[in-house]
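These protein sequences, in sequence, are chains A and B.
Position 91 of the first sequence, counted from 1, bears residue number 91 in our numbering, the numbering being contiguous throughout.
Position 191 of the second sequence, counted from 1, bears residue number 191 in our numbering, the numbering being contiguous throughout.
Read the hints as simulated data drawn from the structure, not as lab findings.
Mixed in with the good hints there might be a few duds.
[As the list claims (entries may be wrong)] Taking lysine to any residue pairs in the SDA-like style, the calculated list, with each CA pair at most 25 Å apart, reads:
#1 K50(B) x M82(A)
#2 K129(A) x G196(A)
#3 K50(B) x A54(A)
[Claimed, not checked] Pair ranges (Cβ atoms, derived):
#4 I30(B) x K221(A): 48 to 54 Å
#5 P220(B) x Q84(A): 29 to 35 Å
#6 I16(B) x K221(A): 49 to 55 Å
[Claimed, not checked] Here are some, though not all, of the chain B residues that point toward chain A, as calculated from beta-carbon distances under 7 Å:
#7 S40
#8 T41
#9 P42
#10 E127
Predicted, not measured: the structure shown is a model, and the values here were computed from it.
For every residue, glycine included, the Cβ atom is placed at its ideal position computed from N, Cα and C.
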Amino acid sequence: MKESLIVLKRITKIYNEGKLNEVVSVNDISLDIKKNEMVVLKGPSGSGKTTLIAMMGCLLKPTSGEITIMGKSVSKLPEKFMNQFKLQYFGFIFQSFQLIPELSVSDNVELPLYPLGIKPAKRREMSLKLLERFDLKQRQNFKIKELSGGEQQRVAIIRAIINQPQILLADEPTAHLDSELSQSYLEYMKALKDSGLSVIIASHDPRVCEFSEVDRVIEIKDGQLKL
Amino acid sequence: MIFHPWVIGMITGDFIILFLILLGMVNAGIINKSWDFEQSTPLQYKLEKKTYLVSAIMNFTMGIQIALLLLFVIAADEISAVLPGAMCATGTLSSNSFGFPLLFLKLFLAFLSFFWLIINYIDNQRENYPLIREKYQLLIILAPLYLLQTILTFLFVSDLDPSVITSCCGVVFDEQQETIGGFLADMETAISLPILVGLYLLIVVKNNLFLKRSWREKMPFIDILLWLSILGLGLATIINFASIYIYEMPNHRCPFCLLQKEYYYLGIPIYLSLFLGVATGISKNITLRLEYLFKPDDQIQGFSRKLNKVSLISISLFLVFAFAPFVLYFIKTGSKL
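Bound-form chain B, shown alone:
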């Protein structure tokens, strides 16, 4: 293990989150076991007080979990300075077999945390805690994933060895490699880009234009599938298209270097807009589903409309950010399309 400040920060952060999640999970179990809103007993009053606190703590924890995703990538980038062969976060993450699985798990948990926050928000907007059981059941289901995250983080950092030479991003995201990175880098932009733009247009049309509300809100699972496809294709676009014009090098396709100062932190708005767009796009469907489960509710509908707006603005911004380097490159160099 390397006692690098970022390593210590990473482990500490994950342990604090795990501690808070376990605390939340235990209390969620207690609340779910005895909750009966119709009762005015001392126990029920205690549970109502408890859920106020648990909900506030979980809001904080889930928020931190989302922020830690970015910090994890920054940490991996910083740690690369002490690993031979590593040039950026890619080198750190590929230095052992835990790095990339941990990144994917953190990304997955960031999305799930966002969804939990949305459900909690809706629950807190109502007087009678209508989603209390669902949100705590979800918390109990999520808790093992947070445990897994902490274990993986520990294994990852304890296996970091400065005497072992690691691969740089040029190798990991080489289109010849049989890795996920290689697969994404090898994806044919002539196919993936039109599909991405097509899905974007489909989402815009389906959710906003021309169609009646009843049609727009039908088939939420298809909508979720569309958003997940946009996430996958968006990531592929960053690797096999945007990065080439950001780095201005035909073979440099790293998804992490663009988060560095050298490239004006361009990756931050690119990833932020993509992830926010997908998270809010999926959340909109979750809120509609919740509305359907209970009853028509103006407040939920209003919130759902806000999520819809945010998702479309975010994903439009993502496309602007992803295509801007390409356009700027051609303006700058005067090359013909």
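Just chain A, with the same shape it has in the complex:
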């Protein structure tokens, strides 16, 4: 049996608590995600999957409940330690990639290394290695806006894995991609999973949910697990 990676114990997230516009985004969810699993959190817009993935990635604290990652209770960590943990163990791929168009490809992919205090020469070495692996070395000095959609997608993936994370979190990564790019994106995810990463994807795209490499599809509706 695989080792637990992320354990959620009765997690609830309420926005604007006690106010008129209070929203219970995640309601009493318990989950256990194993090491090297590829999991898809599936649900319609507003179901709470983005909030859930943000809490798993230490981007948000729950209102109640406990999140344990690799045996460490992270939901109660003070902000400073949570940020360190996040930098060390997580890679994020956002919807529409959220790259900085004015910066070069190298500068974009090196961004997560700045807060880790890695020296410029080492940063460049790490980024070049990955750019080469993803066939983007010749584009290293290009601005993001000068790249095609597929190239931007690869830059986003490199940026997510450059800090050598153990967990890759992706929020609606294929939402704005055509079929061909979606397929290539999923192939990259497979390759990363094969290299030992755990991949968690929040998506309502059937192409993602039906991808053969996905170990589990967890359905969420109205902030709760749909059993």
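Chain A is already provided as a structure; the job is to place chain B on it using the hints.
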């Protein structure tokens, strides 16, 4: 009351600090009452969020409290221009019975604020808030002192009267006077200086050289006592020794005039090095005590070593600054020792 810009600034500053401290105190009470780190309840999460904010606000407030000590002395110096008989801050502070008690209280609070900052810093370096109860209890204990400070400031400034003639520093720090100033000025330098240097050497030896760590860190209360003695003797040295050579006048022993432009603001590095040395020296013992209370901790030990270094460098600088005018005077005048 005189509506001098510095008076308004002084009152405003103290009221803002009091407001922030009271805000911190109320929240500290709430946090201490319901804090249970083992829980993952909505209340506990709220308290964790709250302590992050309270701790940041208190860091700012305590920092400002320390800075306001210097501003208070500068304000007193500026206000002396409108008080007949006053030549510097001494005249302003001695113009009524609240001035010097307020100065001593501000000095005391500056030290306590520094210690609180140290405890808060250590607490923020750990993942599980180990000192949260202690630091907030201390805050609750300190709050009445801040209230007293605001009351004393208000009484002090409201009692400033430009029609009343006050004393100048020459009178207040006259060795014949039966005041604290007179007592410090009258202290025999032939005794106080060797004691000060002796205590300094004792601290250096005890904390750094020859002795094993276990011996160095024993008896923190004695160490604190040594540092407090250095503070007292350091202040006496400024008044009865350094000032004579800074002013180059045998009877001018004011501890405030040396903060003026006329004397190249020499007082600022002198006081800063003395206060920083004593504050960090005492803080080092606080950190060791905290380490002992919890468990051996590399981070606290490292921080304690840094405090030790800062305290010894600061107090060494203080001795250099305090003795430099004496040496320079003899070089300049060619007098024989």
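Against the structure, the hints:
no., hint, verdict
1, K50(B) x M82(A), "holds, 16 Å"
2, K129(A) x G196(A), "holds, 18 Å"
3, K50(B) x A54(A), "holds, 21 Å"
4, I30(B) x K221(A): 48 to 54 Å, "violated, 37 Å"
5, P220(B) x Q84(A): 29 to 35 Å, "holds, 32 Å"
6, I16(B) x K221(A): 49 to 55 Å, "holds, 51 Å"
7, S40, "holds, 4 Å"
8, T41, "holds, 6 Å"
9, P42, "holds, 5 Å"
10, E127, "holds, 5 Å"
The structure does not agree with numbered hint 4 stated previously, though it agrees with all others.
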